[in-house]
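The sequence shown: position 3 = -4 (the numbering used here), numbered continuously.
These are computed hints drawn from the structure, not numbers from a lab. Please read all numbers here as calculations on a predicted model, not as lab measurements. Mixed in with the good hints, there may be bad ones.
Stated by the list, open to error - Cβ-Cβ distance ranges computed for the label pairs, FRET-style: (1) Ile32 / Ser239: 24 to 32 Å; (2) Glu112 / Asn205: 38 to 46 Å; (3) Gly65 / Ala108: 18 to 26 Å; (4) Lys69 / Lys126: 20 to 28 Å; (5) Ser23 / Thr190: 33 to 41 Å; (6) Ile165 / Ile240: 23 to 31 Å; (7) Asp186 / Asn281: 32 to 40 Å; (8) Glu24 / Val222: 39 to 47 Å; (9) Ser64 / Lys33: 26 to 34 Å; (10) Ala75 / Lys49: 24 to 32 Å.
To be verified - Calculated lysine-lysine pairs in the DSS-like style (CA-CA distance at most 25 Å, straight line): (11) Lys97 / Lys71; (12) Lys164 / Lys187; (13) Lys164 / Lys36; (14) Lys187 / Lys39; (15) Lys39 / Lys21; (16) Lys71 / Lys46; (17) Lys99 / Lys119; (18) Lys171 / Lys141; (19) Lys231 / Lys280; (20) Lys133 / Lys39; (21) Lys51 / Lys250; (22) Lys126 / Lys36; (23) Lys78 / Lys141; (24) Lys141 / Lys126; (25) Lys203 / Lys231; (26) Lys132 / Lys21; (27) Lys136 / Lys69; (28) Lys278 / Lys46; (29) Lys119 / Lys164; (30) Lys250 / Lys203; (31) Lys126 / Lys39; (32) Lys51 / Lys21; (33) Lys21 / Lys69; (34) Lys51 / Lys278; (35) Lys235 / Lys250; (36) Lys278 / Lys242; (37) Lys280 / Lys238; (38) Lys218 / Lys231; (39) Lys236 / Lys250; (40) Lys33 / Lys78.
Note that CB positions come from ideal geometry on N, CA and C, so glycine has one too.
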Amino acid sequence: MKTLLSLCSIFYFLNSFSQVDYLSKSNKFSERTYTYLRIKKEKNLKFDFYRPKKTKGKVPLLIYVHGGGFSGGDRKDKNSTAFAKEMVQYGYAVATISYRLTMKGKGFGCATNSALKIEAFNDVSKDISYAVKYFLRRKKRLKIDADKIILVGSSAGAEAILNLAYVYNNKILDPNFKFAGIIAMSGAVTSIDKITTETAIPTQLFHGTKDNLVPYNIASHHFCKLESVGYLNLFGSKAIAKKLKSIQKPFYLYSVKNGDHSWNTRPIYQCKNEILDFLYYDILKQKNRQIETEI
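Full structure from sequences and hints, please.
This is the structure in structure tokens:
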């Protein structure tokens, strides 16, 4: 195993001078919108698909899931589109997806029943699964590598993808299907019991240590008190990384000392090199590294 210490802020400042390994580099790409699940005309679920133009053959796919407390956010918001337009230039196909905002009008704080929060995690995991199923059925036409599908999520999106990979009882995708990796920004799960040597996949985790909404280590969601209806114990990035470390599986924990919940989107702009490094070495090259970084 290998431990790497780096400073994201320095990498960001020296971006034009640093050497990063990637698939290819081109600023030309195609963009198209697809409907992956038909519910009602006004509620059909869609994704925007970005693919590099000059890349031949099948390419890895990044599926980006936006944040917003399961009540807001949009696949076309500035963070989603910025991530897609950045990563597609490095040879990856990217899909920014819509999902059901089941908590709209209900909130997601301590006054919201914890059972509804868990239901929201599962509902979005279900929607993502349908999007993945759409891609798997059309992998040849869309020219994506079905063995290299990576989940990326911010805040609520990070909670949803971690839930999908490590908690959710999936009845939509083939039991033999496995994601190639996860990039979670300020995410957490309700349990780490199902993270095993069989289920573990390369996982990159960005998190501020003073996040007051989604716990960095182990604490209640929104730090709700035990007696509140919204009390829900969560295992954040530190706890997930510790579990992966204990079973000798690859992870990349990026901790921001005293960082707040704004780190659910800041890696998109400030940690491009770390993301590219993880994608290339831990997912494509399967180096099986264990990296812990703190800034």
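query = Which hint numbers doesn't this structure obey?
reply = 1, 2, 7, 9, 14, 21 and 40
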